[in-house]
Structure formats: structure tokens, C-alpha cells
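Participant: So you can see what is in the structure, the chains are spelled out below.
Protein chains: 2
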Amino acid sequence: MTTDAGPAAPAPVTVELLGVLAYGELSAFDRLAEDARQAPTLAGRAQLSTMAAAEIGHFRVIEEHLAASGVDVADAMAPFVALIDSYHASTAPRSWPESLVKAYLGDGLGADFYREVARWVDPATGELVQRVLADTGYSAFAEREVHAACEAQPEQRDRLALWGRRLLGEAVTHAQRVVAERDELAEFIVLGSGESGGVAGLIRTVQSAHGKRMSRLGLS
Amino acid sequence: MTTDAGPAAPAPVTVELLGVLAYGELSAFDRLAEDARQAPTLAGRAQLSTMAAAEIGHFRVIEEHLAASGVDVADAMAPFVALIDSYHASTAPRSWPESLVKAYLGDGLGADFYREVARWVDPATGELVQRVLADTGYSAFAEREVHAACEAQPEQRDRLALWGRRLLGEAVTHAQRVVAERDELAEFIVLGSGESGGVAGLIRTVQSAHGKRMSRLGLS
Numbered sequence: 554m555t556t557d558a559g560p561a562a563p564a565p566v567t568v569e570l571l572g573v574l575a576y577g578e579l580s581a582f583d584r585l586a587e588d589a590r591q592a593p594t595l596a597g598r599a600q601l602s603t604m605a606a607a608e609i610g611h612f613r614v615i616e617e618h619l620a621a622s623g624v625d626v627a628d629a630m631a632p633f634v635a636l637i638d639s640y641h642a643s644t645a646p647r648s649w650p651e652s653l654v655k656a657y658l659g660d661g662l663g664a665d666f667y668r669e670v671a672r673w674v675d676p677a678t679g680e681l682v683q684r685v686l687a688d689t690g691y692s693a694f695a696e697r698e699v700h701a702a703c704e705a706q707p708e709q710r711d712r713l714a715l716w717g718r719r720l721l722g723e724a725v726t727h728a729q730r731v732v733a734e735r736d737e738l739a740e741f742i743v744l745g746s747g748e749s750g751g752v753a754g755l756i757r758t759v760q761s762a763h764g765k766r767m768s769r770l771g772l773s
Numbered sequence: 554m555t556t557d558a559g560p561a562a563p564a565p566v567t568v569e570l571l572g573v574l575a576y577g578e579l580s581a582f583d584r585l586a587e588d589a590r591q592a593p594t595l596a597g598r599a600q601l602s603t604m605a606a607a608e609i610g611h612f613r614v615i616e617e618h619l620a621a622s623g624v625d626v627a628d629a630m631a632p633f634v635a636l637i638d639s640y641h642a643s644t645a646p647r648s649w650p651e652s653l654v655k656a657y658l659g660d661g662l663g664a665d666f667y668r669e670v671a672r673w674v675d676p677a678t679g680e681l682v683q684r685v686l687a688d689t690g691y692s693a694f695a696e697r698e699v700h701a702a703c704e705a706q707p708e709q710r711d712r713l714a715l716w717g718r719r720l721l722g723e724a725v726t727h728a729q730r731v732v733a734e735r736d737e738l739a740e741f742i743v744l745g746s747g748e749s750g751g752v753a754g755l756i757r758t759v760q761s762a763h764g765k766r767m768s769r770l771g772l773s
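First to last, the protein sequences are chains Z and P. Numbering of the first sequence is given in the numbering used here, commencing with residue 554 and proceeding in unit increments. Numbering of the second sequence is given in the numbering used here, commencing with residue 554 and proceeding in unit increments.
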């Protein structure tokens with residue numbers, strides 16, 4: 554149903570997906586900004602702060618897209634605040650390399666998930682999601698810093714590899730909880746993924762890409 | 554002296570001015586991001602986070618400008634980290650309205666100072682400074698929120714007015730310390746300001762504009 558006021562209201566499940574994505578970006582901003590403070594150098598602090606600012610750029614794109622359809626981004630995000638905060642609370646980095654690994658893998662995990670999902674929504678939303686997930690351009694920085702940290706202290710490598718696996722586990726657990734609480738979202742994933750196997754198939758896709766990223770960090 | 558590698562190296566005092574400005578932006582990002590976490594609503598948190606991200610946009614403009622002349626922004630910022638951190642430590646907001654008042658007045662104070670100074674440097678740097686100081690577009694948001702807070706709790710008005718005066722005092726004290734430690738900067742201000750009266754004249758200009766901003770917040 555359209556009105557003279559603007560484009561058609563998006564499907565409720567699209568609002569949910571964009572709500573999770575928006576709060577994912579806003580909370581990533583918050584955590585990266587906090588982690589930036591722990592950087593060992595001014596240059597590292599500036600880099601992580603810039604990554605954080607890029608998340609807000611993405612957040613604003615979603616906010617404007619929703620606003621154009623009369624949806625308040627704060628309303629769309631509200632149902633997901635507690636679970637995403639819980640993910641971050643359970644994965645608070647305790648060192649600079651842990652911050653970098655989390656930023657790098659977290660960005661990647663989110664991108665994997667949304668890249669799949671972008672194919673199942675209306676084209677305008679799909680295009681928006683692709684735009685929001687464009688690499689913030691700091692992957693190379695994170696890879697370089699993590700490699701340098703592991704060379705400086707080789708015993709870090711095992712600890713960071715464990716940390717990377719824990720991040721995947723926590724992300725999957727929290728994502729499953731989101732889906733379990735939102736019937737429409739679960740149904741949307743089952744329908745969208747089709748023969749590639751619903752939520753379980755989606756998790757397999759994300760796991761495989763996670764492994765490749767761990768390799769690029771030298772942590773496999 | 555120019556080399557084939559890029560434009561002429563900027564005057565040392567220009568590097569100092571851009572160094573203070575760059576670290577001012579980077580630390581403002583950090584503080585705004587921290588304050589955003591205390592926002593009473595998701596909408597307020599998103600707004601303050603967006604203000605924080607805008608500071609990084611400005612920071613990057615300075616970084617690129619310095620890099621084009623072969624100057625590392627981290628080197629340019631280093632001499633000013635301790636004093637600017639000390640300003641922020643002495644003015645840590647204890648409530649959401651205090652955060653907004655600090656963000657609003659702090660942005661304004663910085664802009665006043667640099668708008669004066671922009672007239673005394675080379676044209677390319679002057680143009681850059683003007684661009685970096687363009688209103689981040691959130692003044693209206695801060696004014697609205699502070700007015701609303703004072704209407705909801707009229708006893709806040711006096712406390713916030715006191716807070717606003719303290720912020721000016723701390724900013725002036727810290728700016729004087731920066732100048733006292735950097736002879737070239739002091740000389741540059743005396744020469745640049747000419748008949749309008751050196752550092753004291755600059756402080757008078759900033760004070761007068763501060764008073765107008767306090768009025769716009771309803772705190773005069």
C-alpha cells in the first residue's frame with residue numbers, strides 16, 4: 554500500500570533485517586571507538602577511529618533508506634539492542650591485537666551474512682545492503698598489524714587463533730538467538746536460502762569464509 | 554625548499570597549528586563516542602555518534618593535507634596530546650546535557666580560534682582550515698536537546714550555565730599553556746593578530762562568541 558507521502562512501506566522482515574544491520578553498525582562504532590583508545594600508537598588509534606567512523610557512514614545510509622519509507626531507525630533497531638550488546642559484552646577484547654582480530658573478523662562475518670541475505674530481498678534493499686557492506690578499506694591495516702604482533706610475540710598466535718574461533722562461536726550463538734526470537738526472520742531465511750539449507754546452510758557458508766579470513770591473518 | 558617528491562614543506566608553525574587541530578578532532582571523536590554511550594535514547598546516541606564520526610572526517614582532511622607535504626600527522630599531533638587530554642580529563646561530562654553542552658561549546662570554541670588563525674596562514678592551509686571547521690550540522694540538535702532538558706528540569710539551567718562558563722575557563726587555561734610551551738606559536742599569534750591584540754585579543758574574540766552560544770542554549 555503506497556501513500557502520497559513516499560515509497561511503499563518495506564516488508565516487515567526487511568525492516569527487521571535493516572534494524573539488525575543498523576544496530577550492528579552503531580554498536581560496532583561504539584566498540585571500535587572504545588578499542589581505539591587502547592591503541593599502542595597514535596597512528597593505530599587514528600586508523601581504528603577511522604574504521605569506527607566508517608560504520609557510522611553505513612548506519613546513516615540505512616537510516617536514510619528507512620526514513621524515506623517512514624520508518625524510524627531507532628524503532629527498527631530497538632528489538633535487537635539487548636542481544637547485540639550481549640554479543641559485545643561476551644567478546645570484549647583484552648588487548649590491541651584482540652581488538653584488531655575482532656574488528657576484522659566481525660566486519661567479515663556481518664558482510665558474509667548480509668551478502669547472502671541481499672539476494673533474497675527486494676532489489677533496492679539488496680543494492681543498499683551491498684553498498685553498506687563495502688569493505689571499509691582497513692582490512693589491509695588489520696592484517697598487517699596482526700601479522701606484526703604475532704612476529705613480535707610468537708606465543709600470541711595460538712591465543713589469537715583461539716580468540717578468533719571463540720568470536721565465531723559467540724556470533725553464531727547470538728545470531729541463532731536472534732532468529733529464534735523472530736519467527737518472520739527464521740521463515741525468511743528458510744524460504745530465501747531454499748536448497749542451500751536454511752539457517753544451517755547459512756552458518757556453513759559463514760564458517761567457511763571465516764576460516765579463509767583466519768588464514769589471511771595467519772591464525773589458521 | 555621544494556623537492557620532486559611533492560609540494561613545499563609547510564612552515565613549522567603551520568604544522569604545529571594543524572597538529573593541534575588534528576589531535577583536537579581525534580580526541581573530540583573519542584570523547585563524543587564515549588559520551589554517546591550515555592545517551593538516554595537510541596536516537597540521541599546515533600546523533601552524538603554521527604557528530605563523533607564527522608570529527609574523523611575532518612581529521613582525515615588534515616591528515617591527507619599534511620601527508621601531501623611529507624608530514625606524518627602522528628608526528629604533528631604528538632606534542633599536543635598531553636595538554637589536550639588534560640583539558641578533556643578536567644571537563645569530563647557527568648550527564649547527557651553536560652555532554653551536549655560540551656560538544657556544542659567545544660566545537661564552537663575551536664571554530665572561533667581557527668577562523669581567526671586561518672587568515673594568518675598561507676591560502677591553501679587557510680582554505681583547508683575553513684573546510685574542516687564547517688558546522689558538522691548538529692548544532693540544531695544540541696540546542697533542541699539542551700532546551701528540552703532545561704524545560705523538563707528547570708534547576709538544570711543554573712548548573713549547565715556554570716558548566717558552560719567552566720568549559721570556557723578550562724579551554725582558555727589549556728590554550729594558554731599550549732602557547733606558553735611553543736614559542737613559535739606565540740610569536741605567530743602576536744604577528745598575525747597585529748593591532749587586534751595578540752593572545753589576549755584572540756581570547757576576547759573567543760569569549761564574546763562563547764557568550765552568544767550560551768544565549769542560544771538558553772544558558773546566559
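Mixed in with the good hints there might be a few duds.
[Claimed, not checked] Distance windows between CB atoms, simulated:
no.: 1; chain 1: P; residue 1: Glu680; chain 2: Z; residue 2: Gly722; range: 50 to 58 Å
no.: 2; chain 1: P; residue 1: Ala564; chain 2: Z; residue 2: Pro632; range: 53 to 61 Å
no.: 3; chain 1: P; residue 1: Asp711; chain 2: Z; residue 2: Arg672; range: 56 to 64 Å
no.: 4; chain 1: Z; residue 1: Ser639; chain 2: P; residue 2: Leu744; range: 54 to 62 Å
no.: 5; chain 1: P; residue 1: Gly722; chain 2: Z; residue 2: Pro593; range: 30 to 38 Å
Treat the hints as calculated values from the structure; they're not laboratory data. We put the CB at the ideal spot given by N, CA and C, even for glycine.
Participant: None of the hints should be skipped; say for each whether it holds.
Facilitator: Verification of the supplied hints:
Checking the proposed 50 to 58 Å range against glutamate 680 (chain P) and glycine 722 (chain Z) shows it holds: the Cβ atoms sit about 51 Å from each other. For the pair alanine 564 (chain P) and proline 632 (chain Z), the beta carbons lie near 55 Å from each other, so the given range of 53 to 61 Å is met. Between aspartate 711 (chain P) and arginine 672 (chain Z) the beta carbon distance is about 58 Å. The supplied range of 56 to 64 Å therefore holds. The hinted range of 54 to 62 Å is satisfied by serine 639 (chain Z) and leucine 744 (chain P), whose Cβ atoms lie roughly 58 Å apart.
Hint check: glycine 722 (chain P) to proline 593 (chain Z), Cβ distance near 34 Å, so the stated range 30 to 38 Å holds.
Going through the hint list in order, the structure satisfies each hint without exception.
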